[in-house]
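J.: Chain by chain, the residues:
2 protein chains.
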Amino acid sequence: MKKTMTLIAAVTLSIMTFAQQPGRTPVSSPVVNSDNTVTFKFVAPNAKNVKINAQFAPTTNMFKGENGVWSITLGPVVPDIYPYCFIVDGVSVMDPLNPEWFPNEKFKNSLVDIRVKDGSLQDLLNVPHGKIDYVYYPSQAQSLEARAIVYTPPFYDKNKKEQYPVFYLISGTTDTEEVYFKVGRVNYILDNLIAQGKAKPMIVVMPYGNPSLYMQNNGVQPKGMDVFTSDVLNDLMPFIEKNYRTINDREYRGIGGFSRGGNQGLAIGLGNLDRFSYLCSYSSFTGTNIPGVFDNADQTNSKINLFWLGVGLDDFLYGNAKDFMDFLDEKGIKNTKVFTEGKHGHTWMNARYFLFETLPLLFQK
Amino acid sequence: MKKTMTLIAAVTLSIMTFAQQPGRTPVSSPVVNSDNTVTFKFVAPNAKNVKINAQFAPTTNMFKGENGVWSITLGPVVPDIYPYCFIVDGVSVMDPLNPEWFPNEKFKNSLVDIRVKDGSLQDLLNVPHGKIDYVYYPSQAQSLEARAIVYTPPFYDKNKKEQYPVFYLISGTTDTEEVYFKVGRVNYILDNLIAQGKAKPMIVVMPYGNPSLYMQNNGVQPKGMDVFTSDVLNDLMPFIEKNYRTINDREYRGIGGFSRGGNQGLAIGLGNLDRFSYLCSYSSFTGTNIPGVFDNADQTNSKINLFWLGVGLDDFLYGNAKDFMDFLDEKGIKNTKVFTEGKHGHTWMNARYFLFETLPLLFQK
Numbered sequence: 010m011k012k013t014m015t016l017i018a019a020v021t022l023s024i025m026t027f028a029q030q031p032g033r034t035p036v037s038s039p040v041v042n043s044d045n046t047v048t049f050k051f052v053a054p055n056a057k058n059v060k061i062n063a064q065f066a067p068t069t070n071m072f073k074g075e076n077g078v079w080s081i082t083l084g085p086v087v088p089d090i091y092p093y094c095f096i097v098d099g100v101s102v103m104d105p106l107n108p109e110w111f112p113n114e115k116f117k118n119s120l121v122d123i124r125v126k127d128g129s130l131q132d133l134l135n136v137p138h139g140k141i142d143y144v145y146y147p148s149q150a151q152s153l154e155a156r157a158i159v160y161t162p163p164f165y166d167k168n169k170k171e172q173y174p175v176f177y178l179i180s181g182t183t184d185t186e187e188v189y190f191k192v193g194r195v196n197y198i199l200d201n202l203i204a205q206g207k208a209k210p211m212i213v214v215m216p217y218g219n220p221s222l223y224m225q226n227n228g229v230q231p232k233g234m235d236v237f238t239s240d241v242l243n244d245l246m247p248f249i250e251k252n253y254r255t256i257n258d259r260e261y262r263g264i265g266g267f268s269r270g271g272n273q274g275l276a277i278g279l280g281n282l283d284r285f286s287y288l289c290s291y292s293s294f295t296g297t298n299i300p301g302v303f304d305n306a307d308q309t310n311s312k313i314n315l316f317w318l319g320v321g322l323d324d325f326l327y328g329n330a331k332d333f334m335d336f337l338d339e340k341g342i343k344n345t346k347v348f349t350e351g352k353h354g355h356t357w358m359n360a361r362y363f364l365f366e367t368l369p370l371l372f373q374k
Numbered sequence: 010m011k012k013t014m015t016l017i018a019a020v021t022l023s024i025m026t027f028a029q030q031p032g033r034t035p036v037s038s039p040v041v042n043s044d045n046t047v048t049f050k051f052v053a054p055n056a057k058n059v060k061i062n063a064q065f066a067p068t069t070n071m072f073k074g075e076n077g078v079w080s081i082t083l084g085p086v087v088p089d090i091y092p093y094c095f096i097v098d099g100v101s102v103m104d105p106l107n108p109e110w111f112p113n114e115k116f117k118n119s120l121v122d123i124r125v126k127d128g129s130l131q132d133l134l135n136v137p138h139g140k141i142d143y144v145y146y147p148s149q150a151q152s153l154e155a156r157a158i159v160y161t162p163p164f165y166d167k168n169k170k171e172q173y174p175v176f177y178l179i180s181g182t183t184d185t186e187e188v189y190f191k192v193g194r195v196n197y198i199l200d201n202l203i204a205q206g207k208a209k210p211m212i213v214v215m216p217y218g219n220p221s222l223y224m225q226n227n228g229v230q231p232k233g234m235d236v237f238t239s240d241v242l243n244d245l246m247p248f249i250e251k252n253y254r255t256i257n258d259r260e261y262r263g264i265g266g267f268s269r270g271g272n273q274g275l276a277i278g279l280g281n282l283d284r285f286s287y288l289c290s291y292s293s294f295t296g297t298n299i300p301g302v303f304d305n306a307d308q309t310n311s312k313i314n315l316f317w318l319g320v321g322l323d324d325f326l327y328g329n330a331k332d333f334m335d336f337l338d339e340k341g342i343k344n345t346k347v348f349t350e351g352k353h354g355h356t357w358m359n360a361r362y363f364l365f366e367t368l369p370l371l372f373q374k
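Those sequence lines, one after another, are chains A and B.
Residue numbering for the first sequence follows the working numbering, starting at 10 and increasing by one per position.
Residue numbering for the second sequence follows the working numbering, starting at 10 and increasing by one per position.
Simulated from the structure, these hints should not be mistaken for laboratory data.
None of these values were measured; they are calculated from a predicted model.
Careful, some of the hints might be misleading.
Chain copies aren't distinguished; within one or between two, either way the pair holds.
Listed next, the in silico DSS-like pairs over lysine-lysine satisfying Cα-Cα at most 30 Å (straight line) [as the list claims (entries may be wrong)]:
#1 K343 - K191
#2 K115 - K126
#3 K167 - K209
#4 K191 - K251
#5 K169 - K126
#6 K73 - K251
#7 K340 - K374
#8 K207 - K346
#9 K340 - K140
#10 K115 - K57
Isolated chain A, as found in the complex (with noise of 0.2 Å):
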């Protein structure tokens, strides 16, 4: 017992001295203050210039205290989740004291969330979960064991017979698959619209974007600019639908995306509309071609439940997309457009609130 309590001893010891950093205060970053000003802090004592760029601010200086220690507060800030990262010595670095990430291909960024006190729909709130799948299936298209994420609704393990409509959602240039979870939180607003009875229970599927680059990084050749497609409606939809108990018609199937995710939404959508009846749009490059489905208005109005586009007043694409919109009215294909304001342009906070405004729609039809 003697040895057992030395032992315990040396464990305590242990966890205290590989927890700390010896030498340094416990530090904590981001800290978001009741009165929604956000701290940040950044150990660096050799730097000689940290700034903070936080998608709520301009890129700002920090302060030097003791120790090394760079802080800030910035705001009062309107309640969201923000991608930031320091800017130290001009080379962008993430919050190393913050576990929560933007997944990305090229940048690397961290995120702080702002809440709102009771809770809003982008929040992990008291109510019957989904869960969220990480995937892998094999793809001819890519010729590897390809991967994605899909949302199942709260219950879906327990109502054995019940079946559910799909809606594919893509996210962005140099975003990876995980970015409409991790980012997007495309799982906690549906909890949270499904318990307030504003959406319907359905699968969200969520592949990996930019086929070409994983199939670089794991040694096969990219044959062409139609991996995507090809992998969406022959690899991933078999594979969903063998694999997740969906409808398999067309009235219950719909495909969305952000940014170049957008553009190929709309492409695999309105090339396929004995698949798909509901289109979503969000500040998404815009500008597809598919032959005879915008010269033949009537026949494709008849197809589609919802086309639904939205962007940013302040979004770089804004111009695109307006004349995209312009075009789609001039041809008579009807659609609905939702313009946004103040939600900082081309960014997940709008990607986020599309969200929230266009779920409710899909499959009520």
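Dock chain B against the given chain A, drawing on the hints supplied.
T.: Coordinates of chain B only, in the frame set by chain A:
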């Protein structure tokens, strides 16, 4: 049609502009070369010194080339998955060009995967795949909605009547609940072992090992040191057994973990031998004192199907682990000891190797 074509041209241009960083040659990092050397690149025109800190080599200076691109080629490297970061004028930075990362509360590392030609147990191979679920459950112990990760084996959703054993698997200090998935690759390893007939199909549950921090980050005041134990036994286990097809019997439950997680696993397992019979300690802080367990060897031995302890000879915890093994031997508690050499001490290269060794031993009695 003409307008559509103009739109397409505009979109193509936008995508190109958006994807490229003006004035820079496209840079890829890391690149694993055919001779198993690895080339790392980092763009930092104004940095004075850039080092690469990879867990397979001593920290090494990189060299500045054209356009502010620092680079170095290291190796050949023994195939494995290694964490690394750049050190830019003294500041640790993830590789901005690499989306594979190490989830952690305190540091930010990227991951480089040097594969063996024919695939290893930790690769995503063309075999039947299980899936990873991110689940959310109400935790009384934490006073909030908590989260965990669950692996279900291949065909879990098909074999609707089959029940499975469960292995609770806990990451180490400062790791998040994602580490045994993202870094430990327990899902790929089990998929491959099961395909080879070397491991029993099982469910693996990965809780977040540091609920106090999770609670703090979610505005809840931690109540004490035993939140984790209480959460696992009274919140997480009932949730899992309600929502998954588990065999609810001590003969079909195991628990284990890496580093601090190993100590947590042994504390819960040894303290609840009415619920667990397989115990695994991977590079752990060890020294758990459970009243009655160590002083009644015959009774204790009769309840344990596997008591497995592994540690690297060059692990900084080797002395502690060896003391505990000696103590167990002295007390007559049966156990299996494995010592690794050249697996980089207290690292996830070792942690994965321990999965290779132990997953085939679980639930075989």
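J.: Hint by hint, note whether the structure agrees.
T.: Checked hints:
no.: 1; hint: K343 - K191; result: neither (33 Å within a copy, 44 Å between copies)
no.: 2; hint: K115 - K126; result: between (34 Å within a copy, 28 Å between copies)
no.: 3; hint: K167 - K209; result: both (17 Å within a copy, 25 Å between copies)
no.: 4; hint: K191 - K251; result: both (26 Å within a copy, 26 Å between copies)
no.: 5; hint: K169 - K126; result: neither (36 Å within a copy, 42 Å between copies)
no.: 6; hint: K73 - K251; result: neither (57 Å within a copy, 51 Å between copies)
no.: 7; hint: K340 - K374; result: within (24 Å within a copy, 70 Å between copies)
no.: 8; hint: K207 - K346; result: within (20 Å within a copy, 56 Å between copies)
no.: 9; hint: K340 - K140; result: neither (41 Å within a copy, 45 Å between copies)
no.: 10; hint: K115 - K57; result: both (25 Å within a copy, 22 Å between copies)
Violated hints for the displayed structure, listed by number in ascending order: 1, 5, 6, 9.
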